[in-house]
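Engineer: Chain by chain, the residues run as shown.
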Amino acid sequence: MADNMVTLRNVTKKYGKYNALTNINISLERGKIYGLIGKNGAGKTTMMRIIAGLSFLSGGEAEVNAKKIGTLIEAPSLNMNMTAKQNIKFYRMLTGEEDDTTDEDILTMVGLEDTGKRKVKDFSLGMRQRLGIAIALLGKPDFIMLDEPVNGLDPVGVVEIRKMIKKLNEDMGTTILISSHNLAELDKTATDFIIVDKGNIKKIVNQSQLDKEAAGNLEEYFLSVIGS
Amino acid sequence: MKRLYKATMYRMFMSKGVRVSVGLTYLSAALYYILSVCIAKGNIDASNSGSITAFGDGMILWLFGALIVGILVGTDFESKTIHGSLRYGRKAIILNYILVFATMILILLLPYTIGSVCLIASNVDMSTANGTIISIYMGNVFDYTNGISGLILSYIAYIFVYIGQIAICIPVAVKFKKSIVVTAFGFIFGMFTALIATVAKSSEILELIYKFTPYDYGISKIGCNASIADMASGILVSIVFAGICGILAWLMFRRADVK
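Heads up: the sequence lines are chains Y and F, in that order.
Heads up: the first sequence begins at 89 in our numbering, then just goes up one per residue.
Heads up: the second sequence begins at 9 in our numbering, then just goes up one per residue.
For the record, the hints were derived by calculation from the structure and aren't laboratory data.
From a predicted model like this one, the values you see are computed outputs, not experimental measurements.
Glycine residues also receive a C-beta, built at the ideal position from the N, C-alpha and C atoms.
You may find that some hints are simply not true.
[As the list claims (entries may be wrong)] Partner residues aside, some chain F positions facing chain Y, computed with beta carbon under 8 Å:
hint: 1; residue: Met9
hint: 2; residue: Arg11
hint: 3; residue: Thr89
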């Protein structure tokens with residue numbers, strides 16, 4: 089089994105004349121939680137979309153060695169006319185998970201156990217986000233990508249999701265890539281940090297390096313790395 | 009692939025749009041046969057046969073068939089549920105669309121099949137229901153010379169011809185990714201299939217091309233008194249045409265970014 093879950097070599101992505109990613113070279117090791125941080129439009133989502141196979145490369149090479157990938161990229165992919173449980177059932181069918189006994193557990197884990205017959209279209213943004221995360225966890229993926237997972241969540245939800253991500257990583261060794269524009273939030277979850285700006289990787293640091301270099305002032309550190 | 013098919017069928021039947029479409033198709037079929045029999049028995053004036061045709065499979069299949077393709081493909085892109093299907097590969101996704109679509113056409117045609125079987129079983133003389141398509145078809149049924157095998161083959165040919173005809177909506181759905189566009193396209197295209205025949209007759213080349221499309225296989229060509237060769241060619245042409253639609257859809261989808 090390859091040590092790296094993902095390897096990007098000279099990856100470039102263009103939308104017309106606009107360079108969303110330029111010569112990205114990075115390897116994501118198994119068993120780590122990576123925080124992908126950058127301003128809006130920095131290229132975080134594009135990088136995730138390429139790894140997930142949603143977007144094609146304009147140049148370079150992407151190697152993904154995951155057996156199963158769970159994703160929540162941009163908005164959650166949900167059937168609006170179904171209930172939370174029916175959405176779980178649909179995605180379980182897609183992933184080939186026959187066992188429906190864990191459906192309730194998954195919904196409980198994301199705090200949606202009491203939604204009953206309510207359709208997803210009647211859910212709040214935060215509830216949809218929680219369901220999107222639940223779907224990303226289905227089928228025990230060995231690699232999970234979460235794009236702004238705490239968007240729309242209340243403070244309690246943010247803490248719950250953070251705990252859940254850490255537990256998955258610790259218990260099952262799941263490799264996780266989380267994007268955010270909030271370094272302070274990522275600091276509480278990730279083991280390694282990838283700072284991107286204008287389609288380029290500016291810096292890759294691990295937790296101890298970040299602690300040392302940022303010296304408690306994460307915002308200033310982030311701004312100094314991207315040169316703002 | 010089996011999982012993808014199963015999950016997509018589940019998604020389809022959980023959709024209110026699909027349930028309403030199937031329900032209205034069954035209601036239309038019931039009205040179509042009841043009113044056609046009423047005309048045949050003289051309970052309703054034959055001048056109403058034109059409006060009764062609106063409940064016929066020709067109109068209904070195009071309307072709800074296109075709507076279903078819109079839900080099958082368009083909604084998959086709109087709700088981003090296609091993200092979950094990508095693990096099966098893009099070729100499998102298109103093949104699955106065609107298989108689910110064909111299954112849905114079978115489901116939509118079922119009440120019309122049952123209606124015709126009931127008419128045959130009850131031996132109603134439909135010859136006086138002039139003007140309704142069903143009268144032409146049933147007229148053929150009672151005179152059929154190809155035996156029961158011809159009747160069955162005629163039904164199978166109908167199913168394939170409808171699948172072939174409406175399959176044109178699949179590449180349109182993959183291109184535009186909006187269910188409303190597909191429904192509008194399908195309904196308009198369905199209304200103009202007769203016009204296509206007229207246009208095709210304007211040139212020898214167009215007419216030749218037209219003969220290799222399912223649109224050339226109307227009620228007169230694949231009715232139960234048609235030759236086995238005509239019915240078999242109707243099935244073959246429709247399968248090839250649906251396949252071409254699938255290839256077109258795949259060509260558009262294979263290198264496209266999924267939003």
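Engineer: Given Thr89/F as an interface hint, is the shortest Cβ-Cβ distance to chain Y below 8 Å?
Structural biologist: holds (5 Å)
Engineer: Please verify that hint: Met9/F, Cβ, nearest Cβ of chain Y, below 8 Å or not.
Structural biologist: This interface hint is violated because 11 Å lies over the 8 Å limit.
Engineer: Is the interface hint satisfied for Arg11/F? The criterion is a beta-carbon contact with chain Y at less than 8 Å.
Structural biologist: holds (5 Å)
Violated hint for the displayed structure: number 1, the only one.
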